Amino acid sequence: MPKITFISHDGKKSLVDASEGQSLMSAAIDNGVPGIDADCGGECSCATCHVMVADDWFARTGGPNVNEEAMLDLNPERTPTSRLSCQIKVTNALDGLVVNVPEFQF
Amino acid sequence: MAEAVKWESDDIDTLDLQQIDPSRPDIFQTDRWQRVFARLRAEAPVHYCANGVDGPFWSLTRYEDIKYVDQHAELFSSDGTIVLADPEEDFPLPMFIAMDAPKHDQQRKVVSPVVAPMNLKVLEGTIRQRVQTILDGLPVGQEFNWVDLVSIELTTQMLATLFDFPFEDRRKLTRWSDVATADEFSGIVESEEQRRVELYECLAYFNNLWQQRAGKGSGNDLISMLANNETTRNMPPQEFLGNLVLLIVGGNDTTRNSISGGVLALNQYPGEYAKLRAHPELIPNMVAEIIRWQTPLAYMRRTALSDSEVGGTLIRKGEKLAMWYISGNRDESFFEDPHALRIDRPNARQHLSFGFGIHRCMGNRLAEMQLRVLWEEIMKRFSFVEVVGEPTRVQSSFVKGYSELPVVLHAL
Numbered sequence: 001m002p003k004i005t006f007i008s009h010d011g012k013k014s015l016v017d018a019s020e021g022q023s024l025m026s027a028a029i030d031n032g033v034p035g036i037d038a039d040c041g042g043e044c045s046c047a048t049c050h051v052m053v054a055d056d057w058f059a060r061t062g063g064p065n066v067n068e069e070a071m072l073d074l075n076p077e078r079t080p081t082s083r084l085s086c087q088i089k090v091t092n093a094l095d096g097l098v099v100n101v102p103e104f105q106f
Numbered sequence: 001m002a003e004a005v006k007w008e009s010d011d012i013d014t015l016d017l018q019q020i021d022p023s024r025p026d027i028f029q030t031d032r033w034q035r036v037f038a039r040l041r042a043e044a045p046v047h048y049c050a051n052g053v054d055g056p057f058w059s060l061t062r063y064e065d066i067k068y069v070d071q072h073a074e075l076f077s078s079d080g081t082i083v084l085a086d087p088e089e090d091f092p093l094p095m096f097i098a099m100d101a102p103k104h105d106q107q108r109k110v111v112s113p114v115v116a117p118m119n120l121k122v123l124e125g126t127i128r129q130r131v132q133t134i135l136d137g138l139p140v141g142q143e144f145n146w147v148d149l150v151s152i153e154l155t156t157q158m159l160a161t162l163f164d165f166p167f168e169d170r171r172k173l174t175r176w177s178d179v180a181t182a183d184e185f186s187g188i189v190e191s192e193e194q195r196r197v198e199l200y201e202c203l204a205y206f207n208n209l210w211q212q213r214a215g216k217g218s219g220n221d222l223i224s225m226l227a228n229n230e231t232t233r234n235m236p237p238q239e240f241l242g243n244l245v246l247l248i249v250g251g252n253d254t255t256r257n258s259i260s261g262g263v264l265a266l267n268q269y270p271g272e273y274a275k276l277r278a279h280p281e282l283i284p285n286m287v288a289e290i291i292r293w294q295t296p297l298a299y300m301r302r303t304a305l306s307d308s309e310v311g312g313t314l315i316r317k318g319e320k321l322a323m324w325y326i327s328g329n330r331d332e333s334f335f336e337d338p339h340a341l342r343i344d345r346p347n348a349r350q351h352l353s354f355g356f357g358i359h360r361c362m363g364n365r366l367a368e369m370q371l372r373v374l375w376e377e378i379m380k381r382f383s384f385v386e387v388v389g390e391p392t393r394v395q396s397s398f399v400k401g402y403s404e405l406p407v408v409l410h411a412l
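In order, the protein sequence lines correspond to chains A and B. The working numbering numbers the first residue of the first sequence as 1 and each following residue consecutively. The working numbering numbers the first residue of the second sequence as 1 and each following residue consecutively.
Since the hints were derived computationally from the structure, they do not count as laboratory data. Since the model is a prediction, treat every value here as computed from it, not as a measurement. A couple of the hints might just be wrong.
[Said to hold, decoys possible] Derived Cβ-Cβ restraints for the label pairs, each shown as a range:
#	chain 1	residue 1	chain 2	residue 2	range
1	A	60	B	31	53 to 63 Å
2	A	95	B	42	28 to 38 Å
3	A	95	B	32	32 to 42 Å
4	A	60	B	308	50 to 60 Å
5	A	22	B	388	49 to 59 Å
6	A	66	B	314	42 to 52 Å
7	A	95	B	214	51 to 61 Å
8	A	66	B	236	29 to 39 Å
[Said to hold, decoys possible] Here are a few chain A residues that face chain B, going by a calculated C-beta distance under 8 Å:
#	residue
9	14
10	40
11	57
12	74
13	76
Cβ coordinates follow ideal geometry from the N, Cα and C atoms, glycine included.
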C-alpha cells in the first residue's frame with residue numbers, strides 16, 4: 001500500500017496508507033485528514049480538495065489536466081505545485097508522496 | 001415577458017405535465033414549489049415547458065443531471081444571461097457570471113482575491129464586531145422584522161465594506177440589489193423604465209467612486225480592483241454596471257435570504273434547534289445545511305451550444321435549460337429526508353446552491369463565514385429566536401427569499 005504524507009498548514013503530519021487506484025482526495029477523506037472538503041465528491045468541479053505537492057514530487061504526479069487547470073486557475077491562492085487531489089490517482093510509483101494542505105479551501 | 005396565465009386547476013398533482021411551468025413566480029411566493037418539483041423529479045426529470053413565462057425551456061430537476069450540466073460549461077453556455085428571460089437588447093448588462101471562458105475567467109480573477117480565504121481571515125474580526133453591534137441593538141421580548149433589522153442590515157454592511165462604500169449610504173446597495181432582479185411580478189418597481197433609471201443612478205454613484213480611486217495604486221476594495229486592473233480598467237459603462245449588479249446581488253440577496261431561512265428552518269424543526277443548543281460545534285455543518293435547505297437562488301439558466309443528451313433526453317442547440325438547484329437540493333435519491341433541516345446531515349456540503357464548475361459561487365466562503373459568525377453570536381445571547389407569524393415570501397422564481405419574518409427574541 002502506497003504511503004502518503006499530508007502536511008497541514010501548521011506543520012502537522014498525517015501518514016496514511018492509500019489504496020492503489022483510489023484518488024489522493026479519497027485517501028485523505030477515508031483517513032480523516034483535516035482540511036480537505038471535496039464538496040463535489042471528486043469530480044473536479046469545486047476545487048475544495050486543493051493541495052500543494054512537495055517540490056521534489058511534483059514531476060512524478062504530473063501537472064493538472066485541462067479541466068483541473070480551469071478550476072485551479074480561478075484560485076488566487078494557487079502555487080506552482082498546486083493540484084486538485086481528486087485528480088491525482090494513487091499508484092505504487094507515488095509511495096512516499098508528500099503533499100501540503102492549505103489553511104483554507106476556496 | 002409574457003403575462004403568467006393562471007393554472008386552470010390548482011391541483012398540482014393532477015395537472016397535465018405539459019401544463020406545468022415551474023418558473024411561475026407565484027408558486028414560490030405561495031410556497032407551493034415543493035409539490036411541483038417533487039412531481040417533475042418523479043415523472044419528468046428532464047421536462048419541457050413550451051409556454052413558460054419567458055418562452056419555451058427545459059427544466060432539470062434531479063441532482064445528477066443538474067450537476068452534469070453545471071460541470072460542462074463547454075456544452076452549456078452562460079453567455080448573455082443566467083436567467084430565463086433573454087437579455088433586453090436595448091439594455092444589455094454584461095457581467096462575468098453571464099460569460100463563457102476565457103472572458104469569464106479573466107474578469108472573475110480580477111475581483112476574486114477580495115473574497116479569497118486569506119483576505120476573509122482579515123475580515124472576520126470586522127464581521128464579528130458588526131454582528132455583535134447589530135445583535136446587541138435588537139429589542140428582546142418584542143416583535144420585529146428579522147429580515148430588515150438583521151438579514152438586510154448585516155449583508156448590506158458587509159457589502160459596503162467590500163466596496164469601501166460610504167457607510168451612511170449603504171441602504172442604497174440594498175435598494176439596487178432589489179431593483180436589479182425586479183420584474184413586473186415583484187412589486188419592487190413600477191415599470192421597466194423606472195428600473196433602468198434607478199440602475200443608472202447606481203452606475204453614476206459608482207462611476208464617481210471609480211474616478212476617485214482610478215490610478216490610486218491598489219486599494220483592497222472591489223472598485224479599486226476593477227478600476228486599476230489592466231483587464232477591467234477600460235470596461236465600457238454598461239459592463240461596469242453589469243458587474244456591479246452581479247457583485248451587489250451576489251453578495252446581498254443570497255446571504256440575506258439564508259440568514260432569514262435559517263431562523264425559519266430551525267423554528268420549523270425545533271428538534272434541530274435543541275440539537276444546536278446542545279452542540280454549538282455543529283454550526284459550520286449547520287451553515288451548509290441551511291444553504292442547502294434555503295437554496296437562495298432557485299435556478300441558473302444555460303443555453304445548449306450543440307445538440308446533446310441530458311439524462312437520456314435530447315436537448316437541441318440553442319434551447320434554454322433551467323438547472324433547478326432548489327429541486328436538486330431536495331432530490332430524495334441524493335439527500336435522505338430532503339425536506340427536513342438536519343444540522344448534522346453528513347452530505348450537507350454537497351448541496352447545489354453554489355453551483356459546480358467554473359461558475360461556482362465566488363463568495364461562498366464569505367457567505368459561510370457570515371452565517372457562522374452570526375449563529376455563534378446568536379447562541380451567546382439568545383435562547384430562542386422565535387418566529388411568531390407567517391413569513392412574507394418574495395414573488396420570484398430566481399431569488400428565493402423573504403421580505404418579512406416576524407420574530408421575538410428570548411434572552412439566555
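Now for the hints, and whether the structure bears them out:
1. Range check, residue 60 (chain A) to residue 31 (chain B): about 55 Å between beta-carbon atoms, so the 53 to 63 Å window is met.
2. Range check, residue 95 (chain A) to residue 42 (chain B): Cβ separation about 48 Å, and the 28 to 38 Å hint is violated.
3. Separation of residue 95 (chain A) from residue 32 (chain B) is about 57 Å and departs from the stated range, judged on CB atoms against 32 to 42 Å.
4. At about 36 Å, the CB distance of residue 60 (chain A) to residue 308 (chain B) disagrees with the hint of 50 to 60 Å.
5. Restraint check, residue 22 (chain A) to residue 388 (chain B): a C-beta distance of roughly 51 Å satisfies the suggested window 49 to 59 Å.
6. Between residue 66 (chain A) and residue 314 (chain B) the beta carbons are some 26 Å apart, a value that contradicts the proposed interval 42 to 52 Å.
7. Against the hinted window of 51 to 61 Å, the Cβ-Cβ separation of residue 95 (chain A) and residue 214 (chain B) comes to about 54 Å, which satisfies the hint.
8. Range check, residue 66 (chain A) to residue 236 (chain B): about 31 Å between beta-carbon atoms, so the 29 to 39 Å window is met.
9. Contact between residue 14 (chain A) and chain B, as hinted, is not supported at the beta carbon level, the nearest pair being about 20 Å apart and thus beyond 8 Å.
10. Given the 8 Å rule on beta carbons, the hint for residue 40 (chain A) holds: about 5 Å separates it from the nearest Cβ of chain B.
11. Given hint, residue 57 (chain A) at the interface with chain B, is violated; its Cβ is 24 Å from that chain's nearest Cβ, farther than 8 Å.
12. The beta carbon of residue 74 (chain A) comes within 6 Å of a beta carbon in chain B, closer than 8 Å, and the hint placing it at the interface holds.
13. Restraint check, residue 76 (chain A) versus chain B: the minimum CB separation of about 4 Å is within 8 Å; hint holds.
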